Amino acid sequence: MFSAEAKKKIPEILKRYPIKASAMLPLLNLAQEEEGWVSEEHMCEIAKLLDLTPPKVYEVATFYTMLNLKPIGKFHLQVCKSLMCALVGSDTLIQWVDQELGITPGETTEDGMFTLSAVECLASCGTGPMMQMNDDYFERLTLERFRTVIADLRSTGECELATGPFRWPDPEVTT
Amino acid sequence: MAAFKKVLLKNMDKRGYTGLLKEYEKAGGYQAIRTVLGKMKPDDLIDVVKRSGLRGRGGAGFPTGVKWGFIPKDHPGPKYLCCNADESEPGTFKDRQLMERDPHQMIEGIILASYAVGAKTSYIYIRGEFILGAKILNRALAEAYKAGYLGTNILGSGTDLDVYVHRGAGAYICGEETALLESLEGKRGKPRSKPPFPAIFGLYGKPTVINNVETLANIPHIVNRGPEWFMSIGSPPKSPGTRVFSLSGHISRPGNYEVPMGITMREMLEDYGGGMRDGKKLKAIIPGGASAAFLTPEHLDVKLDFEGIAEAGSMLGSGAITFMNEDTCMVWAAERLLEFFHHESCGKCTPCREGSMWLLQIMHRMEAGQGRHEDLDLLLRLCGNIAGQTVCAFGDAEVAPITSTLKHFRHEYEAHIQEGCCPFRGKPSELVGTGTSHQH
Ligand SMILES: Cc1cc2nc3c(=O)[nH]c(=O)nc-3n(C[C@H](O)[C@H](O)[C@H](O)COP(=O)(O)O)c2cc1C
Ligand code: FES
Chain A
1 MFSAEAKKKI PEILKRYPIK ASAMLPLLNL AQEEEGWVSE EHMCEIAKLL
51 DLTPPKVYEV ATFYTMLNLK PIGKFHLQVC KSLMCALVGS DTLIQWVDQE
101 LGITPGETTE DGMFTLSAVE CLASCGTGPM MQMNDDYFER LTLERFRTVI
151 ADLRSTGECE LATGPFRWPD PEVTT
Chain B
176 MAAFKKVLLK NMDKRGYTGL LKEYEKAGGY QAIRTVLGKM KPDDLIDVVK
226 RSGLRGRGGA GFPTGVKWGF IPKDHPGPKY LCCNADESEP GTFKDRQLME
276 RDPHQMIEGI ILASYAVGAK TSYIYIRGEF ILGAKILNRA LAEAYKAGYL
326 GTNILGSGTD LDVYVHRGAG AYICGEETAL LESLEGKRGK PRSKPPFPAI
376 FGLYGKPTVI NNVETLANIP HIVNRGPEWF MSIGSPPKSP GTRVFSLSGH
426 ISRPGNYEVP MGITMREMLE DYGGGMRDGK KLKAIIPGGA SAAFLTPEHL
476 DVKLDFEGIA EAGSMLGSGA ITFMNEDTCM VWAAERLLEF FHHESCGKCT
526 PCREGSMWLL QIMHRMEAGQ GRHEDLDLLL RLCGNIAGQT VCAFGDAEVA
576 PITSTLKHFR HEYEAHIQEG CCPFRGKPSE LVGTGTSHQH
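Top line first, the protein sequences correspond to chains A and B. When we follow the numbering used here, the leftmost residue of the first sequence carries the number 1, and every step to the right adds one. When we follow the numbering used here, the leftmost residue of the second sequence carries the number 176, and every step to the right adds one.
To be clear, the hints were calculated from the coordinates, so they are not data collected in a lab. Note that this is a predicted model, so its numbers are computed, not measured. Glycine residues also receive a C-beta, built at the ideal position from the N, C-alpha and C atoms. Each statement offered as a hint is correct.
These stretches of chain B come out as covered by chain A in the derived footprint (C-beta under 8 Å, 3 or more residues): (1) 269-281; (2) 338-352; (3) 359-371; (4) 428-442; (5) 486-499; (6) 503-516.
Straight line, CA to CA, 20 Å or less: simulated EDC-like cross-link-like pairs of lysine to aspartate or glutamate: (7) B:K180 <-> A:D170; (8) B:K185 <-> A:D170; (9) B:K181 <-> A:D170; (10) B:K362 <-> A:D51; (11) B:K310 <-> A:D135; (12) B:K310 <-> A:E33; (13) B:K189 <-> A:D170; (14) B:K310 <-> A:E160; (15) A:K20 <-> B:D337; (16) B:K362 <-> A:E45; (17) A:K20 <-> B:E357; (18) B:K181 <-> A:E172; (19) B:K295 <-> A:E12; (20) A:K8 <-> A:E35; (21) A:K20 <-> B:E360; (22) B:K310 <-> A:E5; (23) B:K321 <-> A:E12; (24) A:K15 <-> B:D337; (25) B:K295 <-> B:D335; (26) B:K185 <-> A:E172; (27) B:K362 <-> A:E40; (28) B:K362 <-> A:E59; (29) B:K310 <-> A:E34; (30) A:K15 <-> B:E360; (31) A:K15 <-> B:D335; (32) A:K56 <-> B:E357; (33) A:K15 <-> B:E357; (34) B:K248 <-> B:D219; (35) B:K523 <-> A:E59; (36) A:K9 <-> A:D51; (37) B:K310 <-> A:D136; (38) A:K48 <-> B:E360; (39) B:K189 <-> A:E172; (40) A:K56 <-> B:E360.
One chain only, chain A, in its complex shape:
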């Protein structure tokens, strides 16, 4: 179910479009922001909001790879495995995840902290190997930088190695 806070955002979302169904992805994304995945309840609620049947919402939700239809770990590591990243070591990065966390693509650590997915191009092909972790991008990963990310996530839940507004090459970054 949408939280009270999320509900407040819904009227503004619906206002952007001349037809209700257009709010489909914004609402699915909003649902996922709440707990990291989209539940059946969420989909039924969205169907009601958009005057659609629940299967129609499900049909759309299953098309888009970012939408998790099952609960996942607190930190979702998504390593890009497409060619440009593979040329610079994304398969090695996937091995590091296994080494450090004991999970392969599709798996979640037993403590429910980390889920690993191998995904297709995330538009950081010049700064691989890379991964997205929840909302953030982590690029130009080395074993050391990767370990820092994991340690920081474990201790504080965030990591300052996350990429800010993107620019590469960036004369202001020298490492």
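Since chain A is already given, all that's left is putting chain B with the ligands on it; use the hints.
Just chain B with the ligands now, with coordinates in the frame of chain A:
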């Protein structure tokens, strides 16, 4: 070349430039809408863009002014403009930089384009993973509304425009313009068969223009400096202007570089990409994103413009160039791209849906050393039954890695079959990455 000055990446080259409204204005931003809105006829703006020779930067290279001209003038509306910020073509990462570092440049382009075609609502369809990008755009839009550059009666000109950010949720195909429209309408992102084209039957069945981020970012500059200026840079008359190329692969300095179109591939690699890394030799080049056919070192002297790359047998596409070194197995590279295409096929057209699966199975066994000689012909036959047989250009894209590696590197396929294994012991995947070697 020494005289060349960047256009699109110029602002962000300034130290400390963050892309906030006041910085963009200080750099001359939002002058173009002052020149145009309520002062120039929409048709005259379309004419300026036509005369500039600007062609779309999203992939197909269609002349922008001509596309705008297809919007029926007598249509009562509403009409729509969609900015394609899906940036989903593997190898491409330029729109991300244009949006996150100088969002107002693109927004000003959206205002001008909307004015030209008579759109009062515009959607920026941004790939779902660009969460930071969406935040930055929303902040920039809020600034623009507050300054009176968006909303009703913009700058007292009588022009109205609302712009909204619409996030996708992970699907390569939504970068294809009609799939984008379907997705925006709340459906699965499956391309529509054309005609009718979006200019006639687009979003909600209304006349719609879809333009790429970089295409739109060029518009304010064309207005400010004139179509003749634009026509004078790059590779006129067919490929004028600059291009932001995204370089990736085994080179010393991957990244985004804005250059005049028409420089050679060699200049791109040596002068901008810093040459091949670790003293290795160049083996193959993908010049326009994953959908473009592979080229070889023989093509280093081709010009980086629409015609030059087309003549070499590939396409300039999204402006993403990937360089691969001598250690890279071409069968493995094509297999990896096929994994992408198989994963991303939307499933609408049978040749693409079934064909991508079939191709991938053959590529898997080929790379594993279990390929058969007959497989080479089978691959080509399959490719011939996919290309041109689908509703959108995805079908052509998915066969390009296979047909082009078979053309230029057939001996590598044969070696896999003869040796019963992949002859490249050190797979490139064991090399690590831009993180370790990229130093300034
Ligand atoms: C499979 C496929 C994927 C595409 N992905 C993108 C994309 O991510 N971004 C983009 O701007 N254009 C993409 N395009 C091209 C668009 O269909 C369309 O031509 C473009 O957005 C038009 O804008 P332009 O004329 O400014 O280039 C794609 C095309 C195909 C066939
Ligand atoms: S190939 Fe990995 S981000 Fe593009």
